[in-house]
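> Construct all of the structure, not just a fragment, from the sequences and the given hints.
If you read the protein sequences in the order shown, they are chains Z and R. Under numbering that gives the first Met the number 0, the residues of the first sequence are numbered 0 to 127, in order. Under numbering that gives the first Met the number 0, the residues of the second sequence are numbered 0 to 133, in order.
Accuracy of the hints is not assured; some may be wrong.
Label-pair ranges, simulated between beta-carbon atoms [said to hold, decoys possible]:
no., chain 1, residue 1, chain 2, residue 2, range
1, Z, R26, R, V26, 21 to 31 Å
2, Z, G71, R, A44, 13 to 23 Å
3, Z, P37, R, W125, 16 to 26 Å
4, R, L66, Z, P8, 24 to 34 Å
5, Z, R26, R, A127, 34 to 44 Å
6, Z, W60, R, D96, 50 to 60 Å
7, R, V123, Z, Y54, 22 to 32 Å
8, Z, R6, R, Y107, 31 to 41 Å
9, Z, R11, R, I118, 47 to 57 Å
10, Z, E53, R, M108, 42 to 52 Å
To be clear about the criterion: a stretch of chain Z counts as covered by chain R if any three or more of its residues have a C-beta under 8 Å from a C-beta of chain R, and this derived list gives those stretches [said to hold, decoys possible]:
no., stretch
11, 39-52
12, 80-94
If we take Cβ atoms under 10 Å as the criterion, some of the chain R residues that face chain Z in the derived model are [claimed, not checked]:
no., residue
13, I43
14, L45
15, T70
16, I90
17, D96
18, G100
19, F101
20, L103
21, W125
22, G132
Hints are computed from structural coordinates only; laboratory data are not their basis. Heads up, the beta-carbon is just placed ideally off N, CA and C, and yes, glycines get one too.
Listed here are the chains, written in short residue letters.
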Amino acid sequence: MERDDMRTPLARAIGLGSAKDGVHHWRMQRVSAIALVPLTVWFIAAIIAQTEAEYTAFVAWMRNPITDILMGLLLIALFYHAALGLQVVVEDYVHSGAKFAAVIAVRLACFTLGAAGILATLRIAAGS
Amino acid sequence: MASSSPSEPQRPLSPNIQLYRPQLTSVLSILNRLTGILLSIAAIALVIWLLAAAAGPQAYAIVQAALASWTGQVILFGCTFAFFLHFFGGIRHLVWDTVHGFELRTIYMSGWAVVAASIVMTAVAWIASVYIGR
Numbered sequence: 000m001e002r003d004d005m006r007t008p009l010a011r012a013i014g015l016g017s018a019k020d021g022v023h024h025w026r027m028q029r030v031s032a033i034a035l036v037p038l039t040v041w042f043i044a045a046i047i048a049q050t051e052a053e054y055t056a057f058v059a060w061m062r063n064p065i066t067d068i069l070m071g072l073l074l075i076a077l078f079y080h081a082a083l084g085l086q087v088v089v090e091d092y093v094h095s096g097a098k099f100a101a102v103i104a105v106r107l108a109c110f111t112l113g114a115a116g117i118l119a120t121l122r123i124a125a126g127s
Numbered sequence: 000m001a002s003s004s005p006s007e008p009q010r011p012l013s014p015n016i017q018l019y020r021p022q023l024t025s026v027l028s029i030l031n032r033l034t035g036i037l038l039s040i041a042a043i044a045l046v047i048w049l050l051a052a053a054a055g056p057q058a059y060a061i062v063q064a065a066l067a068s069w070t071g072q073v074i075l076f077g078c079t080f081a082f083f084l085h086f087f088g089g090i091r092h093l094v095w096d097t098v099h100g101f102e103l104r105t106i107y108m109s110g111w112a113v114v115a116a117s118i119v120m121t122a123v124a125w126i127a128s129v130y131i132g133r
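Next up, the structure:
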């Protein structure tokens with residue numbers, strides 16, 4: 000028998016194959032975490048520099064293309080990381096049929112918030 | 000208690016969290032999850048802040064006033080500390096992923112380092128903010 004697959008003897012006997020994305024969640028949690036290290040450091044430093052900034056000064060900062068790009072990347076990495084993390088929390092504590100609904104709700108909320116944040120950033124940059 | 004039928008062997012139960020004495024390791028593990036949930040909520044505020052700025056000066060002024068209020072400042076301070084705990088705790092996890100730092104002494108040293116770094120960086124961030132705000 001081939002021994003190079005990672006399944007347990009039971010999984011091999013049942014023979015359903017792998018779900019193909021078992022490691023993906025774990026790996027993407029790390030990848031998004033690594034992306035968030037420089038992005039959040041930039042964000043905190045930039046926000047401190049913007050302390051008590053007037054609207055015009057804030058908009059001027061937001062119209063800088065570098066700010067735009069970094070804010071967009073921050074929102075993507077942040078809400079991806081949040082969706083993955085909150086999914087684990089839901090899976091650990093919700094055991095009823097509500098689990099599936101809760102995971103979907105977490106994903107939709109994170110996607111919506113990330114998209115809203117990026118669209119707001121673009122609108123400020125475009126100067127509506 | 001679970002009934003012990005022949006098909007269900009008695010297995011040891013995992014330690015009950017209410018009875019188990021808190022340790023630095025377990026407390027930091029719980030805090031990493033709690034701060035993760037808290038920061039997800041704070042991320043909603045970040046989006047509201049951006050949407051307000053996109054809506055115009057009036058909406059932006061309302062959000063800025065809320066953030067500058069006493070409650071707003073206390074919440075922001077809490078979020079700063081929660082952020083640094085999750086940030087340094089996360090880096091500790093990334094180091095563990097490389098299969099390093101699992102010895103008992105190292106685990107406690109890195110744990111206290113996370114606590115110390117979080118306190119120091121929260122203080123640095125707020126001192127810098129107050130200094131720039133003047």
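> Now, for every hint given, state plainly whether the structure supports it.
Hint check:
no. : hint                       : in the structure
1   : Z:R26 x R:V26: 21 to 31 Å  : 27 Å, holds
2   : Z:G71 x R:A44: 13 to 23 Å  : 18 Å, holds
3   : Z:P37 x R:W125: 16 to 26 Å : 22 Å, holds
4   : R:L66 x Z:P8: 24 to 34 Å   : 57 Å, violated
5   : Z:R26 x R:A127: 34 to 44 Å : 35 Å, holds
6   : Z:W60 x R:D96: 50 to 60 Å  : 35 Å, violated
7   : R:V123 x Z:Y54: 22 to 32 Å : 27 Å, holds
8   : Z:R6 x R:Y107: 31 to 41 Å  : 37 Å, holds
9   : Z:R11 x R:I118: 47 to 57 Å : 50 Å, holds
10  : Z:E53 x R:M108: 42 to 52 Å : 45 Å, holds
11  : 39-52                      : holds (count 6)
12  : 80-94                      : holds (count 4)
13  : I43                        : 6 Å, holds
14  : L45                        : 7 Å, holds
15  : T70                        : 17 Å, violated
16  : I90                        : 7 Å, holds
17  : D96                        : 6 Å, holds
18  : G100                       : 16 Å, violated
19  : F101                       : 17 Å, violated
20  : L103                       : 24 Å, violated
21  : W125                       : 9 Å, holds
22  : G132                       : 4 Å, holds
Hints 4, 6, 15, 18, 19, 20 from the earlier list are contradicted by this structure; the remaining hints agree with it.
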